[in-house]
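Chains A and X are the protein sequences, given in the same order.
Per full-length UniProt numbering, the very first residue in the first sequence carries number 1; after that it's consecutive.
Per full-length UniProt numbering, the very first residue in the second sequence carries number 1; after that it's consecutive.
Hint data in this document are derived by calculation from the structure and do not stem from the laboratory.
It cannot be assumed that every hint is accurate.
To be verified - Only part of the chain A face toward chain X is listed, based on derived beta-carbon distances under 7 Å: (1) Pro52; (2) Gly66; (3) Leu83; (4) Ala87; (5) Arg124; (6) Ser128.
What the hints assert, rightly or not - Cross-link-like lysine to any residue pairs, in silico, SDA-like; alpha carbons within 20 Å at most: (7) X:Lys92 - A:Arg124; (8) X:Lys12 - A:Leu83; (9) X:Lys12 - A:Leu16; (10) X:Lys273 - X:Leu311; (11) X:Lys65 - X:Asn53; (12) X:Lys273 - X:Gly305; (13) X:Lys273 - X:Arg291; (14) X:Lys12 - A:Ser158; (15) A:Lys105 - A:Asp148; (16) X:Lys92 - X:Ser112; (17) X:Lys12 - A:Glu89; (18) X:Lys92 - A:Leu16; (19) X:Lys12 - A:Ser122; (20) X:Lys92 - X:Lys12; (21) X:Lys92 - A:Ser122; (22) A:Lys151 - A:Leu16; (23) X:Lys92 - A:Ser125; (24) A:Lys105 - A:Glu153; (25) X:Lys92 - A:Tyr50; (26) X:Lys12 - A:Pro82.
Virtual Cβ for every residue (Gly too), placed ideally from N, Cα, C.
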Amino acid sequence: MLKLLGAVLVVLAGTLAGFTRAAQYADRPRNIRGLIAALQRLETEILYGYTPLPEALRRIGQQSKGPLQDFFTAAAQEMSPPLDHSAEEAFRRAMELHFRSAALKGAEREILRQLSCTLGTSDRSNQSTHIALALQQLKQEETAAREDQGKYEKMSKSLGLLLGVLIVILIF
Amino acid sequence: MANDWLFLFPEKVRALLSGLPAHLLARLEEVRVRERRPLEINYSGKYHFLCENGSLTQLPAEAYKPSREDTHRLLDLISNHSLYTMEEELRKGFITIPGGHRIGLSGRTVLSGGGVEHLRDITGFNVRIARELPGIADSVLPYLVERGRQRIMHTLILSPPQHGKTTLLRDLARQISAGSEAGRDGGRPGLKVGIVDERSEIAGSRRGIPAFDVGPRTDILDGCPKAEGMMMMIRSLSPEVLIADEIGRHEDAEAVTEALHAGISVVATAHGKEVAELARRPGLGGLLEHRMFERYVILHRTGAGLTFRILDGQKRGLLLITPEEQQGGERRA
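Please model the complete structure; the sequences and the hints are all you need to start from.
Here it is, written out as structure tokens:
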């Protein structure tokens, strides 16, 4: 009886692990999509609104959802007095705080980091070029993430279950 | 609040500046930051370099030299991390930050079609600290009021840079706008004052609200080109006294003429030492030739304080007010 309960637990754990993994594959394209939308809004704020960066980031934070909301709001806060960090520093800190849980990989962080180095340090046309570059890179990442999702999402789910079963079989 | 400008400096420079004695800090006029060259401060018309241990020196070799990081951080802070909002300012070569402090910039210019399009590699900063000196215009104002007719005469204030033109103008605006109570100079009602504040220096406006006291009956067009602003004022805000800083171009002169003919008193400033010098300048020459101004005030600052020389419309000297007399005046008040 106790053995049976243990076996069920192991299978359940395996399944759960598989589903979590699958959810990450599903979340990543969605988060990248959100990031793309956010950067497009940032471009508009810079190009047409002449909005100062902290204010622009705060607005984008309000419009975004989930980890992106936390990220942009934190970045805006880092850049406002009394902290007054540079964009680079603010992005780095905000990413450390809020991208840990998010299904965002090293690639997106690297793109954001590169963008943050130039953000706010040049004229509008230059800013626009850098944001466009980041957007292009993010779109590539999005395509890749979608492919991964198609390939691995279902597989992760079944793999989790099967792994659980495998362990049960091996133990017995 | 008094030293709000300290917060725009990067940590290292800020620490050095806040270490200065309070009486010195209160008189500080300019802080000049040049990348990898000595950090310079100016007060009371004298210059000093600032050492890393906080002491003052005349020897450039001993002074603290701001690093590249310092200048980058300074630019980041004064532009509120958003240089792209400052394109127009960069073209003109200076940024005015909230509080009316003006920061002159030097770097490499980027040209487009022969004109300056942008400034990049910005490595030199001249932070001019704006101060409010209520009462500085006390001794001058009585000579600018036309007797009997409660009117301010057309006045041009002249001085080289850094002698306190804008500070005087600010206090004039305040006093003209507020009027004075009966008893001192017979009582003078407040007048409607319009300030065309092209460089946001006179009123130091922050989101349209003046940071300095420029009087209760004062309207400010912030960041507006002078010539256009003066016309806008005349058309829409019906000022009785129009105030503008640093006129000099042809358009400015035209707008001043327009205002004078519209029966509006104009109080303006210009760079220069003597009235005669001014006549040779292309923009202002015409104004002088037609005797548009009824009063000239020439400022000169020495170690002891400000000296005012007041001339009438025919450029005849009326009066010389020395720093000692001003102190006497303050005692009377």
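Consistency of the hints with the structure:
no.	hint	result
1	Pro52	4 Å, holds
2	Gly66	25 Å, violated
3	Leu83	11 Å, violated
4	Ala87	6 Å, holds
5	Arg124	5 Å, holds
6	Ser128	9 Å, violated
7	X:Lys92 - A:Arg124	17 Å, holds
8	X:Lys12 - A:Leu83	15 Å, holds
9	X:Lys12 - A:Leu16	52 Å, violated
10	X:Lys273 - X:Leu311	13 Å, holds
11	X:Lys65 - X:Asn53	12 Å, holds
12	X:Lys273 - X:Gly305	17 Å, holds
13	X:Lys273 - X:Arg291	18 Å, holds
14	X:Lys12 - A:Ser158	58 Å, violated
15	A:Lys105 - A:Asp148	13 Å, holds
16	X:Lys92 - X:Ser112	14 Å, holds
17	X:Lys12 - A:Glu89	17 Å, holds
18	X:Lys92 - A:Leu16	62 Å, violated
19	X:Lys12 - A:Ser122	24 Å, violated
20	X:Lys92 - X:Lys12	28 Å, violated
21	X:Lys92 - A:Ser122	16 Å, holds
22	A:Lys151 - A:Leu16	19 Å, holds
23	X:Lys92 - A:Ser125	18 Å, holds
24	A:Lys105 - A:Glu153	16 Å, holds
25	X:Lys92 - A:Tyr50	18 Å, holds
26	X:Lys12 - A:Pro82	16 Å, holds
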